[in-house]
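Visitor: Take the sequences, apply the hints, and build the full model.
Residue numbers (this note's numbering), protein chains in the order written: chain A, 7 to 343; chain B, 1400 to 1667.
Since the hints were made in silico from the structure, they are not lab data. Note that the coordinates shown come from a computational prediction; the quantities given were computed from them, not determined experimentally. Possibly wrong hints are sitting among the right ones.
Below, in silico cross-link-like pairs of lysine-lysine (DSBU-like), each with a Cα-Cα straight-line distance of 35 Å or less [unchecked claim]:
#1 B:LYS1420 - A:LYS140
#2 B:LYS1601 - A:LYS140
#3 A:LYS229 - B:LYS1420
#4 B:LYS1420 - B:LYS1488
#5 B:LYS1422 - B:LYS1488
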Amino acid sequence: MTDAIVVEGLVKRYAATTALDGVDLTVAEGSVLGLLGPNGAGKTTVVRILTTLLLADAGRAEVMGLDVVRDADAVRASIGLTGQYAAVDEYLTGFENLEMVGRLYHLPRAEARQRAGELLERFDLVDAAGRPAKTYSGGMRRRLDIAASLINRPRVLFLDEPTTGLDPRSRLAMWEFIAELSDGGTTILLTTQYLEEADRLADRMVVIDRGTVIARGTGDDLKAQVGGQRLEFTLARAVDLAEATRRLRPLAVDEPRSDEQSRRLSLPVRGGTEVLAEALRLLEGSGVEILDVGLRRPDLDDVFLTLTGHATEDAAAADADTTTTGREPAPTAGSAR
Amino acid sequence: MTSLAMSVSDSLTITRRNLIKVKRVPDLIVFATLSPIMFVLLFRYVFGSAIPVPGGLSYAEFLLPGIFAQTVIFGSTITGASLAEDLQKGLIDRFRSLPMARSAVLVGRTLADTLMNVLTIAVMMITGFVVGWRIHTSIGEAVLGVLLLLTFAYAMSWVMAFVGLLVRTPEVVNNASFIVIFPITFIANTFVPIDGFPSVLKTFAEWNPVSAVVQGARELFGNVVPGAPEPDGWALQNPVLYVFIWVAVFLAVFVPLSVRTYRRTAGR
Ligand SMILES: Nc1ncnc2c1ncn2[C@@H]1O[C@H](COP(=O)(O)OP(=O)(O)OP(=O)(O)O)[C@@H](O)[C@H]1O
Ligand SMILES: [Mg+2]
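Guide: This is the structure in structure tokens:
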């Protein structure tokens, strides 16, 4: 299979920061790549360079065999971009927005209108088609924005955090749209902060942090690196953390983590519910009062802790500040939150 | 599609988009015309009684070409503020990711703002008729007078386009342009004859292109006293030529500069 996207040694510097410090990646034609990373990792910078919006300081990038600098116009004609923030004209109606973008792709007027109609239907915006986009909810804007990027039936689609800020139902619907597009043969580069999201949608993942690739592979590859499940306890009293850690240590396959402020204890373990039962048995008679206990799959924070030794910026900030309720939890595929 | 046909088609698509906004937010037109109407009334009735105009011309006749010029120049600031808004809202990113002509967003913007200026001039002219302003020349000359105003404002739009892409915040664009536009429209023959200005200001006013726009419009509308002595200075003696030199310079500098800035600019 040929590569639809090839990125080699991409470097982008700003006065104070190095946003990208030599990023390499490839995306096979027809596949989905999940580009993962915390805030400020450089995800948007990669997308902006690939979509010709930004010039790299070093390195090169090709989309469908076209150089993003030398053949910028040809690249623009074959890609679709949905940026991190919905770029729709608030004063135009949904229909007018799509018609305008169609015209700017140089579709004949009748075809632009027909495409607009089709996409409004597909993205469930028919009822709102005649209303100015100003009156749309965040989720509707996001859908309109994605519809706009599909007008020209792009062979390569860039989606920068397509589900951030969506409610769980809209997020599931968005996942379905993306899966459908992928089934239709579109090559997709998708950025996200959620391991679960990438796991569900992407064939391969690239994890970046501070402008460098720190891991790559399939979801299973990454999880294998991070280890299996996490056994998590929330205790009633912080003083019990030490005793609980001592008793549970035999179950852990890696160093347990405990946090005084949230009174939480997290152990990397192997196995399923039998480990949970075993853990509860080990704590019997210890006087440790448990508020909450559960098994969960590793999330992006676990990947980061394992690969870099530091948590994502958000998690670090939340841990440092007890008054906040912490970061937004990673969405769980198919969960009914 | 040839690249010229593509540029024209893309620019018209953008013009249309900008005009739809005017239709959806009618307040834009209301305020763009209300404030000059207020200026007409204030100057005509409050200051007008105290401002003597040479040669026995009525103050309304003297004033209106000045108000036209000021209004269309203010109209050109919309170009900068709107582009800054588009940048902020990420629309410029969207446009820059499309295979459209690189100049179309700016051409379409300046064209739409010129069409808005046509509308405001029409409203101003009607207001002028009501307060006693008249055209004393032929239709052809009067049309040239309007074209002179629009052409200068169009060139100013390109200056403002550059400012808008550079400054990137609509409010700042507005404030920054007012700081420039108030002096250049007031230190001119817009509202009062410049003969009484202190010498430094008089020299500035004589060479101020806004004075030439106003003088040219007065001559083309016939709002000058027949047989009155020529104004001082080459610029005001050849106002139309002088204005066109400025227009040519503005366009030659700011069209390429703005397009270049647009191509490299990035949204959020
Ligand atoms: N125009 C700019 N000027 C200066 N620094 C910038 C600029 N754009 C991005 N950066 C910096 O480059 C780094 C990477 O930013 P980027 O937007 O690519 O991150 P991201 O992974 O998309 O983050 P997020 O998840 O918050 O969207 C950050 O440190 C950011 O502050
Ligand atoms: Mg980003």
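Visitor: Each hint: holds or not?
Guide: Hints, one by one, checked against the model:
| no. | hint | result |
| --- | --- | --- |
| 1 | B:LYS1420 - A:LYS140 | 11 Å, holds |
| 2 | B:LYS1601 - A:LYS140 | 49 Å, violated |
| 3 | A:LYS229 - B:LYS1420 | 50 Å, violated |
| 4 | B:LYS1420 - B:LYS1488 | 15 Å, holds |
| 5 | B:LYS1422 - B:LYS1488 | 20 Å, holds |
Hint violations for this structure: numbers 2 and 3, all remaining hints satisfied.
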